[in-house]
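In our numbering, the protein residues as written are 1 to 312.
FYI, nobody ran anything at the bench for these hints, they're computed from the structure. Please read all numbers here as calculations on a predicted model, not as lab measurements. Worth double-checking, as some hints may not be accurate.
Label pairs and their calculated CB-CB ranges [claimed, not checked]:
no., residue 1, residue 2, range
1, LEU293, THR180, 33 to 39 angstroms
2, GLY44, THR238, 24 to 30 angstroms
3, LYS102, ARG132, 31 to 37 angstroms
4, ASP300, THR239, 26 to 32 angstroms
5, SER306, GLY44, 27 to 33 angstroms
Under the rule of at most 20 angstroms between Cα atoms (straight-line distance), these lysine to aspartate or glutamate pairs were calculated in the EDC-like manner [to be verified]:
no., residue 1, residue 2
6, LYS50, GLU24
7, LYS50, GLU190
8, LYS287, GLU231
9, LYS136, GLU190
For glycine and all other residues, C-beta sits at the position ideal for the given N, C-alpha and C.
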Amino acid sequence: MSKAPYEHYAHDHVILMLDTPEFENLPTWLTDNFNIIEGGTHAGGSTRNKLIIFADGTYIELLNWIAKPVEFFDWAGKAPGLIDFALTSTQSAHEVFDAVMKRLESSSSSSSFGDGGLGVRFKDPLNGGRKRKDGKQVEWYVTKPRFDSDDDGAPNVPRPQESYFPMGRLDTPFFCHDVTDRALRVPYLEPGIADHPSGAKGILSVEVVVPQNKLESYAKLYASATGSEPEAAKNDATTAVRLRLASPDPEALKEVQDRVGIDLRMPADEADEQWIRERGVGIRALKIYVPGLSKDRPLDGTGIGSSVVLVS
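Please model the complete structure; the sequences and the hints are all you need to start from.
Here it is as structure tokens:
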């Protein structure tokens, strides 16, 4: 029996930007909850990272600018906090690229797919690689979205754009596909590396907040990006849609695999409206699965830590 389309797609990682003081002296809301490992400096020399690796094969990348951007230009204008997230797949980068582009270009009004009039396509997969300290070669492909903002190609883009994308547009996830074994890039099988003080096991969901009158458009866009049919999601505060995903290593989240995915929702309160005004349409919260937790727990009461939530 063939897999449902969404089962080919999984969370890969989430990017959390930190300013230099917090990157060099990590806040307790991170260190009290996670085992954090040193990453390194990216090839271009403008960013460095640290990693929080989970048993499900996903990770959080803690990112910090150390020089004028010569790469990752789409992140250059972003303030500290959650800024972007990536998906991965059991299929090759080029297979996924072809499938996603076909869905994005669907013009049938009755289809769940298309780009929702948001002017989104994807750039060709770009090959990357590095040599680990142990000499093993790691290779991958990154596939980033590209955005059309004119009235003809993107009639449903939230406008005025400076109000909805004040730091640049990043309302669509990108893809990171492994060419070599995933455990070489994300060493989640190494003893102890995915053991966390909080008991965290992996990424349950990414929450994306979108303007109230654009939920249907974004549901089509995200359905095309994930191959998942939009489903009504339980949310007592506002209207929400879920796009189901798998996990890279589903055994770690087997009790909650039916809850793994992306939740699109409209703003529920003034805090959400302020988030859009200040940070733009896009990733709003990250939910991390912790078995047996008595109640959902944000990592901090305010600030960046309040947008990362431990859930059971």
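Now the hints, each set against the structure:
1. For the pair LEU293 and THR180, the supplied restraint of 33 to 39 angstroms holds, since their beta-carbon distance comes to about 35 angstroms.
2. In this structure the supplied range 24 to 30 angstroms is violated for GLY44 paired with THR238, their Cβ-Cβ distance being about 39 angstroms.
3. Against the hinted window of 31 to 37 angstroms, the Cβ-Cβ separation of LYS102 and ARG132 comes to about 35 angstroms, which satisfies the hint.
4. Taking the beta carbon of each, ASP300 and THR239 are about 27 angstroms apart, inside 26 to 32 angstroms as hinted.
5. At roughly 31 angstroms, the beta carbons of SER306 and GLY44 sit within the given window of 27 to 33 angstroms.
6. The suggested pairing of LYS50 with GLU24 holds, with an alpha-carbon distance near 10 angstroms, which does not exceed 20 angstroms.
7. Distance hint between LYS50 and GLU190 is fulfilled; the C-alpha atoms sit about 16 angstroms from each other, no more than 20 angstroms.
8. At most 20 angstroms may separate the alpha-carbon atoms for a hinted pair to count; LYS287 and GLU231 meet this at roughly 18 angstroms.
9. For the hint pairing LYS136 with GLU190, the CA-to-CA distance comes to about 15 angstroms; that is within 20 angstroms, so the pair holds.
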